[in-house]
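**Q** In the order they appear, the protein sequences are chains U and B. At position 104 of the first sequence the residue is numbered 104 (UniProt numbering), and the sequence of numbers has no breaks. At position 203 of the second sequence the residue is numbered 203 (UniProt numbering), and the sequence of numbers has no breaks.
Simulated from the structure, these hints should not be mistaken for laboratory data. The structure displayed is predicted, hence computed values, not measured ones. Cβ atoms here follow ideal geometry from the backbone N, Cα and C, with glycine treated the same way. Incorrect hints may have been included.
Below, computed lysine to any residue pairings styled on SDA-like, alpha-carbon distance capped at 20 Å [what the hints assert, rightly or not]:
id	chain 1	residue 1	chain 2	residue 2
1	U	LYS148	B	GLU177
2	B	LYS188	B	ASP204
3	U	LYS49	B	ARG112
4	U	LYS118	B	TRP45
Here are some of the chain U residues that sit facing chain B, going by a computed Cβ distance under 8 Å [to be verified]:
id	residue
5	ALA4
6	ASP8
7	ASP41
8	GLY47
9	LEU69
10	PHE91
11	ALA104
12	LYS119
13	LEU122
14	HIS138
15	CYS139
16	THR143
17	LEU168
18	LEU171
Protein chains: 2
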Amino acid sequence: MLNAHGKDVHQCDSGWVPVYVDQEKSISLMSIGFLLERPDDAVVWRGPKKNALIKQFVGDVSWGDLDFLIVDTPPGTSDEHISTVDALRPFNPMGAVVVTTPQAVSVGDVRRELTFCKKMGLPVVGVVENMSGFVCPHCTECTNVFSKGGGEELARHAGVPFLGCVPLDPLLTQSLEQGKNFIQEFPKSSAYSSITSIAQQILDSATQGS
Amino acid sequence: MLNAHGKDVHQCDSGWVPVYVDQEKSISLMSIGFLLERPDDAVVWRGPKKNALIKQFVGDVSWGDLDFLIVDTPPGTSDEHISTVDALRPFNPMGAVVVTTPQAVSVGDVRRELTFCKKMGLPVVGVVENMSGFVCPHCTECTNVFSKGGGEELARHAGVPFLGCVPLDPLLTQSLEQGKNFIQEFPKSSAYSSITSIAQQILDSATQGS
């Protein structure tokens, strides 16, 4: 999605050097994908090995001076999540941005993730509803493919901010497929305004918190 | 999705009694969801506890005489997957039905899951492509919301059967939201024919294998 496949992680005196997506080094990346010999290799690891690597990704990477460190976790409330929260605790993390899709089965899962954040003492920055309606590019009618309003209701029920909806947008998928910069390429697309509004709210929340 | 929330698991002489979705006991269910006190409870478990429960779900549930045992796993190739394959190995499982969505990031993940199956000696029944195009109910034009053809290409590349595509279908979501029987309720919907065709191929594959 960030056009970084095939890049390598190098070692320096202060640890692993992350992969940079551009020459300005505006985004630094670290992923287990960069450490595999072949892109098809399966990482057949039980919890303890995953936990050790998460700790290394936080502590042994030469991140430099970052504005934000974003950890994209799998769904759930297990090893990856416990280890990430434990590893970041000394750095007083801003909190979790919790993403759901609108339908009840997804909202139910994410409700349990909010319970997890509470149990672990991790603040919740807010809830995002993804795959939220599809505007047909042929007739401009909107269809709620995966039901409607689940994310907003979840946020209200849990007493946390609702950050907004991101619609299903074929232009967004197309950008991600080709490793293009969606924000630059499609400023008029339906997902653009919702993504920038969500990002702005997270920035505002960071400024208030600091 | 099967209208079984709030039901309880009971104990009998031969183990846990699964939850039945209808009076004919045509489908028996077991899920950690039935063992939680409250539906919002998060299961904050590391691998070893999950592995022990998976073993119990296979060995300590009074399943009776089943035609098929279907295990719905999370994405990935970690504790849940290793433990499930290990627990089922003595029963000579038919294999994995591997589900992807069409776009490259998803296909890449699922390619690693096929490598996992190979490593573990688990046969692959076939690949299903989900969220495969959306037919607008207003104008009947089809949009490939998440790119196109990734599942079929993956199957060909891996040398395993391609079982078919399931389109994005709001009627399917609606049925699952309300716990209704989609096959009975919407025999004319776009997802109906693809789902029944995939099921038939799996049945055929089971008959050939036995």
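**Q** Work down the list of hints and note, for each, if the structure agrees.
**A** Now the hints, each set against the structure:
Taking the CA atoms of LYS148/U and GLU177/B, the gap is near 11 Å; set against the 20 Å cutoff, the hint holds. Among the hinted pairs, LYS188/B with ASP204/B is inconsistent with the structure: their alpha-carbon atoms are about 23 Å apart, more than 20 Å. With a CA separation close to 18 Å, the supplied pair LYS49/U and ARG112/B stays within the 20 Å bound. Distance restraint check for LYS118/U and TRP45/B: the Cα-Cα separation of roughly 15 Å lies within the 20 Å cut-off, and the hinted pair is therefore satisfied.
Taken as an interface hint, ALA4/U does not check out: its beta carbon lies about 12 Å from the nearest beta carbon of chain B, beyond 8 Å. The interface hint given for ASP8/U is broken, as the beta carbon of that residue sits about 18 Å from the closest beta carbon of chain B, more than 8 Å. A cut of 8 Å between beta carbons decides the hint on ASP41/U: the least distance to chain B is about 6 Å, and the hint holds. Against a cut-off of 8 Å between C-beta atoms, the interface hint on GLY47/U holds, since the closest Cβ of chain B lies about 3 Å away.
A cut of 8 Å between beta carbons decides the hint on LEU69/U: the least distance to chain B is about 21 Å, and the hint is violated. Of the supplied interface hints, the one on PHE91/U is violated, with its beta-carbon coming no nearer than about 21 Å to a beta-carbon of chain B, more than 8 Å. At a threshold of 8 Å, the smallest CB-CB gap from ALA104/U to chain B is about 5 Å, leaving the interface hint in force. Look at LYS119/U: its Cβ gets to within about 6 Å of chain B, closer than 8 Å, so that hint holds up.
For LEU122/U, the suggested interface contact is broken, since its CB lies about 12 Å from the closest CB of chain B, more than 8 Å. At its closest, the beta carbon of HIS138/U sits 4 Å from a beta carbon of chain B; the interface hint therefore holds under the 8 Å criterion. Annotation: interface hint on CYS139/U holds; nearest CB of chain B at approximately 4 Å, less than 8 Å. With a cut of 8 Å, the hint placing THR143/U at the interface with chain B holds, because the nearest CB-to-CB distance is about 6 Å.
Restraint check, LEU168/U versus chain B: the minimum CB separation of about 5 Å is within 8 Å; hint holds. Interface hint status for LEU171/U: violated, as the beta-carbon distance to the closest one in chain B is roughly 10 Å, over 8 Å.
Checked against the numbered hints given earlier, this structure breaks hints 2, 5, 6, 9, 10, 13 and 18; the rest are met.
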